[in-house]
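Protein chains in written order, with numbering that gives the first Met the number 0: chain W, 0 to 374; chain P, 0 to 374.
Derived by calculation from the structure, the hints in this document are not laboratory data. Only true hints are included.
Below, a list of computed lysine-lysine pairs in the PhoX-like style, where the Cα atoms sit at most 25 Å apart: (1) P/364 <-> P/36; (2) W/72 <-> W/260; (3) P/338 <-> W/72; (4) P/76 <-> W/30; (5) P/30 <-> W/260.
2 protein chains.
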Amino acid sequence: MAKSRNSKGSARLIRRLVHDLHAYVPGEQPKIKGLIKLNTNENPYPPSPKVLAAVRAAVDGRLRLYPNPTAEKLRAKLAKLHRCQPENILVGNGSDEVLALATRTFVEVAENTKRGARRDSRTVVQYFTPSYSLYPVLVDIHGAVKNAVPLNADFTMPDVAALKRGKVWDFNAALTLVTTPNAPGGRGYATAQLDKLCRAQNGVVVLDEAYVDFADAHAMALALKHPHVLVARTFSKAYSLCFQRVGYFVGHRDLIAALDKIRDSYNVNGLGQIAAEATLDDLKYYRAGFKKIVETRTWLTRELTRLGFRVLPSQTNFILAKPPLHPAKTWLQALRERKLLVRWFSAPEVTAYLRITIGTPTEAKALVEAVREIL
Amino acid sequence: MAKSRNSKGSARLIRRLVHDLHAYVPGEQPKIKGLIKLNTNENPYPPSPKVLAAVRAAVDGRLRLYPNPTAEKLRAKLAKLHRCQPENILVGNGSDEVLALATRTFVEVAENTKRGARRDSRTVVQYFTPSYSLYPVLVDIHGAVKNAVPLNADFTMPDVAALKRGKVWDFNAALTLVTTPNAPGGRGYATAQLDKLCRAQNGVVVLDEAYVDFADAHAMALALKHPHVLVARTFSKAYSLCFQRVGYFVGHRDLIAALDKIRDSYNVNGLGQIAAEATLDDLKYYRAGFKKIVETRTWLTRELTRLGFRVLPSQTNFILAKPPLHPAKTWLQALRERKLLVRWFSAPEVTAYLRITIGTPTEAKALVEAVREIL
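Only chain W is shown next, with the shape it has when bound in the complex:
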């Protein structure tokens, strides 16, 4: 009976699967004032003044009403942008939500086929390491099976022949998640190579293009060509809208319809929809910002390289850089003491590196100054 229950008894109420989970740790959102925040790949430039004006103008009595449950206007605008139909688009509460929906739509739960059982590809989510650190968390939450396959040592992607030789890659995996350009590596992958990988896969492939606006090429054509390929995009990074949580999938209408069935019916908040719509009406503003960020990336890469860092070539709004002299974790701390917040991951493939978001030129200069001091 409830009366006799104590805190210890609560474990009985919670699924074993959930009880055993470790929660995802997002990048720090610091409360200390004056920190230069180069840790979570936010755009250093604010949203377009037109976007801010559109959102402000919408803050009125309409907040009492439900938002459009299918983000109808936003999907129409996105369809126009990507030259497809609204039925090819699913909008989510950030791209994190659409990624989570993908695991739950395409991947069977493996709870009952624990250790020792023969692996069933229908329960497998596969991805390269390193890539977006949320993927294994999503797989664990869903109770599916992880197949984490290393990228090449220089963070380029193994080609299909190499994956076949390696025998670890699962060409029948229910879901394959590819961060392209890669995070935290920063490398871009050629559309031709991604196309070959997609063609070789029998399950669903998600090309997670969170950072693609900072790259030379994108692979949207693959989502519109292949019935088993989805491209994930977000308004968070390139479009300075982290705060309002808007991301989306583009892909075949059958996949989109399936994802839509398990979506919360009002998953995208109203002001987020309005902000995203206004963003699409002012892309010119954002493209000017991408250009500045790419220029700053070039400058920062050169400066840090001069100072002894090994900087990987980046197609994103961050760089992955191996610092000289001290371990990366020591650098993390030393930079923080100088009010510069960057990101370090404990995963073995990247533990020697710092991931540094490209900020404004002023922020990049402050980073280089701090590095000089530490050296």
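Start from chain W and add chain P according to the hints.
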């Protein structure tokens, strides 16, 4: 190979569970201007001017940053309001999200124990009918087992003795969802009766208090007393914030910690957090609105009763009313022709009724006028 796939082939890519789902149909958000919208239980009064000012003031460069991932300030304010700790509170993207999280945290998936297999209470979500029509949808999405048990004919709740006699209620169900006050019935349930039900349950009980601000009593004490009881609340209805999607659970810290593990890390948008925080600073404004709505409810109940409707006693911001002469569906259409949008459900227990949101006095008068015309 991908090349040979066609639209028909996509079924293979989608879980059978999802493929077989029917999507939840939310209440219509009409595009026609001039309709009086009494169909989705929104508050007819706008958010407090202070809330609107706070949200407007926050629409600036900070939109580029991630929101607080744990809704820290909002949880602190809610904890103060409910006299508990922030660890007792989980904030979600509307209360729909926290309800979905509950199914996934507390209920085992039953996919592998289909028809014919002995029922395992760990896979069971149970609720009364009628109640919130989203519940069966959430159960189906999760692949769990529904145990839908009828309320009494007058929509009062069967007591524990009656549930025991009935033999259909499952006292070991992993999750029990109770809409209190009931929707779409409108009835309130005494805390003493809810307490007895909670004490008799061995699984988690969610008291879904979406409409409780329009009722004479609430059962928050039960969530703070029992380690297996959660109370769900929302800022949508009473606090005029449907647009911004903020709902929450209050309960034992172990249950909250488990739910937190499977939550998207940035599930609550930033402007929604700010709006909800400002709301809690101006509760007086909202309480004045609740009083007006309760007065209008009393007036509308009396008027419709005079006109031959059978109106159930309501503790919410809507009434369930059985119209005279014509079937409810005919009334739905006739009212719509007169620009009044109400809600009708096809579920057999309520198919004879209309659910009518309590609007402003002017809206209620317009409804009564339209009813007179139709009669």
